[in-house]
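Number of protein chains: 2
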Amino acid sequence: MKTRVIINIFLFAVIHMVAKADNGHDLWLRKTIANPVKVVGTGKSQKMAIAMEELNSRWLGEADATVTLTISPDKRIKPDGYRLTANNVQATTESGILYGVYELLRLQQTKQHVGTLISNPSYQYRLLNHWDNLDGSVERGYAGRSIFWKGKGNTAVTDDDRSRWAGYARACASIGINGSVLNNVNASPEVLSAASLKRVKAIADVLRPYGIRTFLSVNFSSPKLLGGLKTSDPLDPSVARWWAEKIKEIYTLVPDFGGFVVKANSEGQPGPQDFGRTHAEGANMLADALKSRGGIVMWRAFVYSSTDKDRARQAYNEFMPLDGKFHDNVIIQVKNGPIDFQPREPFSPLFGAMKRTSVMNELQITQEYLGHSKQLVFLSTMWEECLKSDTYQEGRGSTVARCTNGSIFGNKYTAIAGVANTGLDSNWTGHDFAQANWYAFGRLAWNDTLSSAQIADEWLRLTFGSNDQNEITAGKDELWNTEFLKPVKEMMLSSRETAVNYSMPLGLHHIFAANHHYGPGPWYAPTGVRPDWTPPYYHQADTIGIGFNRTSSGSKAVSQYHQPLASQFEDLNACPEIYLLWFHHLPWSYKMRSGRTLWDELCFRYDRGVQQVREYQKIWDKSRDYIDQERFLRVQSKLKQQARDAQVWKDGCLLYFQQFSRRPIPYELERPVYDLGLLESVNPLYIIPSADGEKEIIPNHY
Amino acid sequence: MKTRVIINIFLFAVIHMVAKADNGHDLWLRKTIANPVKVVGTGKSQKMAIAMEELNSRWLGEADATVTLTISPDKRIKPDGYRLTANNVQATTESGILYGVYELLRLQQTKQHVGTLISNPSYQYRLLNHWDNLDGSVERGYAGRSIFWKGKGNTAVTDDDRSRWAGYARACASIGINGSVLNNVNASPEVLSAASLKRVKAIADVLRPYGIRTFLSVNFSSPKLLGGLKTSDPLDPSVARWWAEKIKEIYTLVPDFGGFVVKANSEGQPGPQDFGRTHAEGANMLADALKSRGGIVMWRAFVYSSTDKDRARQAYNEFMPLDGKFHDNVIIQVKNGPIDFQPREPFSPLFGAMKRTSVMNELQITQEYLGHSKQLVFLSTMWEECLKSDTYQEGRGSTVARCTNGSIFGNKYTAIAGVANTGLDSNWTGHDFAQANWYAFGRLAWNDTLSSAQIADEWLRLTFGSNDQNEITAGKDELWNTEFLKPVKEMMLSSRETAVNYSMPLGLHHIFAANHHYGPGPWYAPTGVRPDWTPPYYHQADTIGIGFNRTSSGSKAVSQYHQPLASQFEDLNACPEIYLLWFHHLPWSYKMRSGRTLWDELCFRYDRGVQQVREYQKIWDKSRDYIDQERFLRVQSKLKQQARDAQVWKDGCLLYFQQFSRRPIPYELERPVYDLGLLESVNPLYIIPSADGEKEIIPNHY
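Chains as they are written, first to last, in the UniProt record's numbering: chain C, 1 to 702; chain U, 1 to 702.
One chain only, chain C, in its complex shape (with noise of 0.2 Å):
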């Protein structure tokens, strides 16, 4: 007996060891055993050699095979495109050359065939915007402290952060990404002091080979603040020769600067509002500065002033009497909803609507409202949900994406933009799964009609498949795609959805914790503070029912919105009921199409989320064979948090809720484990020390 059982247990630790360890810090981009290559080349260049480099030591493809590079002019290609062939990448440009090189190398990781390709961007700038701050830390960062930023004290560029650098670049560049905004667009003055411009000038001369150009956020009081002007007017002409002046410091030292990034007049930022002035007054000021250099201003309407009793309709009321008044240099930057990144909005109303400006997507790929770092949520299918979005403003098949990307209007310029998720945590992202997100939002930016489930694909085969003849799927790659890839691609394809049934369903939003919107609030409304900082202003909760009347008999958002969208949300019968209480104010006894109250049905939502996250549980569980451990071990912990704070969702909302449709929670579902009570008072901050001496959010100890 003995002898099978010691038997037994080594086997187990066989398995269980063949996996090597992998702290996740190579990304989609993990060492393979390569197969030799020639690569002929021409140029020289820095951008040339990593592309040979990456051919090198990554070629999957027939061994001693040779590969060519060939820059030359052909009118199907872009600037950034390329045409690819098994055996050759051709494009009009270096970057395009790289970025054909990764897709190569892409293809054949992912045991793709290689057949003749062109590929161009759907958009020309494909960013990051990084909300990291000066001192290090990063606004909504989930990941560790910044990895541009150390504070003022610690300036010196080191080593090991121009590795860094160069890693963070490569992985942008094999996904596409060709920009960076490289600090929060709360922005400090101090960005544009000279000793910050000599870190912005290391980066991007460590980024520049990966075809990565460099962007700053600024401050648009920066004349008086750090200029020492008397007043930042955009139209008084010593603040237009100051931001000329310093444009031209920054294109001294960064030749291929891209531009700016500008949160004006909202959330207490200053703007040219302040000098009464408009945004378009503000934003063309700083554009005709940088137009000479080609040089850009992304121009965010994420502002919610209370010029309208429903924040939603505010940014829509601001800019679209601006249409046309922006020079073209000028991208309005618009958050995909119309009020924050929630888990689900419908899109932003003024996608299509402006149509004499250029307007471009702004994603989250921090999940601020989507779990931090503590959950699986791929986001790539909410992202896909709002390109794919028809506007009908240009007809039918005038989608959020077609809006941005230049097919419909033409634009000069067209961009998408998504907030980064990195900091120095080894695997970048804090969660091994949020890697997905920032895979997903280059490759979005790429070509925004690629399928949610294609990229989930590619990311899993490139991030935990085998390249490797001595890993454990070596020869076991029907059961690695039956037994892993299948059913970790479902888990990913359904986790947004998850993730909005334990936390906010049926078009509820902004239920979130204040501050920190990690969990449940809808309680939170302290005297004092602005009603639309606080959830009661959003689910409108009472004994009658629950949700935001935006039809015609209440906010009239609907109206914001074209043809037949309009109609389609104000109709009970017509509107999805993905959004049925971002539209609607209805009766707790409100029939839903499943037959159910809609009291009970949100019971089943809340309750299915939780279910979903147990379901992900097992089939993570199950997936230990198939891959290291310590990726295992570390997403494995990560759902079990999900798993309790799914609950603690379900039941802070329910309990809550309940105070208003007292209805009983439909006895076929698990019960709260929770008492409102306790989840109210650990809100909105519970706050311990970490080990390292900062304080850190734990609103999930409860």
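Think of the hints as simulated: they come from the structure by calculation, not from any bench.
The list makes no distinction among identical chains, and a pair is therefore deemed to hold if it is satisfied within one copy or across any two copies.
Under the rule of at most 35 Å between Cα atoms (straight-line distance), these lysine-lysine pairs were calculated in the DSBU-like manner: (1) 325 - 224; (2) 20 - 591; (3) 591 - 618; (4) 591 - 622.
Since the structure of chain C is already known, use the hints to place chain U on it.
Using the frame of chain C, we list chain U on its own:
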């Protein structure tokens, strides 16, 4: 639409407000609207007055009936017993009348037919042991501070005290309890000081009319510690003299004083062995001093100095050689199991084995190891399991009950004790369902052949049933029976097995977190702590398997049981699986009767425990319209905590044991939601200040 909703809300409010709020203070003796009755009784003592008052205030029999209370000799009726008809209570003592009256009223209230019946108690002494300290704290008390003691500076007896003691005595009398040990077995010598004895007298005076005698726990070193003698050696004449004087003092104050409980040479308490004397010599000295007064000594067998490598053997080893050496007014008080009030233990092998000594059973009503006052665990089934266990000591049918109630050995004194769960909480016991354990103990002490099902049925009807035409269930008896009584009774009856499942199934024992004994602590084993105070001593988990080998190849504890039990416990094919790991160390791959491996079975049991608690939540939630909201909400909240804590138990134990088993938790089971490290890090104690300034142990705030 609005109108209908408002009507619904109104109806909802009405339904939930009809059943009056009930804080639980009246226990199973709730006020009723009585029918008029004429009581004819002999004697005008306090006891008779109480009997008459109970009849007058709670008579539910025929209106205007005449009830006679008759004290007359009858050989069939023992001192506390009675003979009952619908309109007559006959007894040989006033106490018997009182018990008969309570039984008559109980039968009426539970809607049972009252025929002619004679009832005599199974045990002469039916005692509560209060582990109350003189400072007002209660060892292993979870229902507030002591109802008897308030601390040194606070000895005045108030009306409030007297009223509470009377309420306590009435509750005890109503279920046949006839003695209270007022202080902790870890006894302060101060309990015998003049000041304390004054308070004892005040208490005794309140308890007496309810037929309750007063007892004290004494510290064996009292002669030295309190009396100032040089020794407490029981064979020293000055010591015996000191005790005789003290006993005289006590009886002067409390003429019907019952006697002493002694915890000697156990867990650091002093005892005769300190002077080279035996337990018998110590006990007999005290017994002799009490004898002329009619007092007894209850000498605890809870000893486990490390005379044997197996703690389960030690009490037997130490006491068996003394069988026959104790004087006849000594009773050896033996905990139901050989270790310590675990969720499940086989019975102590001392039962039936000490044939020439009176032995009594000590049960624990307070839920030290069964969820404190936070978890719903009906202990009656556990006690029933013990009482009905066959020791085979005098042939088949030598149950633990019959070995202690005199029917086999004809002992002069028979007794049973329960460690009380009362405190200052307004409902006495913290958890409303913990009242059922107090009730069940009394009922079993009166009649040790009662079934737990009957006890639960009685208790539920008395505690939650309708006694009032105005209450919600009026006219709805049938519905109340099927929708409330039946499911809730089933919940109670399975609740102990549920607790065993989620904490220590299959014979596991004592794997609690240190000190507080609430949550799991199978990992707890700091250096310097004696091994038998650490869980690994008990579970013996290693890479081979798990369990304590008490067979002939192990500690040989099986040999302390009478045949055929010794062979049955030894034989894997005969050993009940509920005791499997109590007696055997088995490989993880051991095949269980279910066909599962031991590891898988363990996983299934833990999981089942969690699922069962969730099921209880459903049962309870469905009961909300059948009872008052105050108790409904309180129990609902506790069940939530129980569900959370069952999960902590499951996760903590399975993840800890998995380190040894190295086997996956069967994938059909819900996955753990905690990391082992997190659970280990909050062990052994997590203390936060509670609202009233006291420190409260909150092991469950993970």
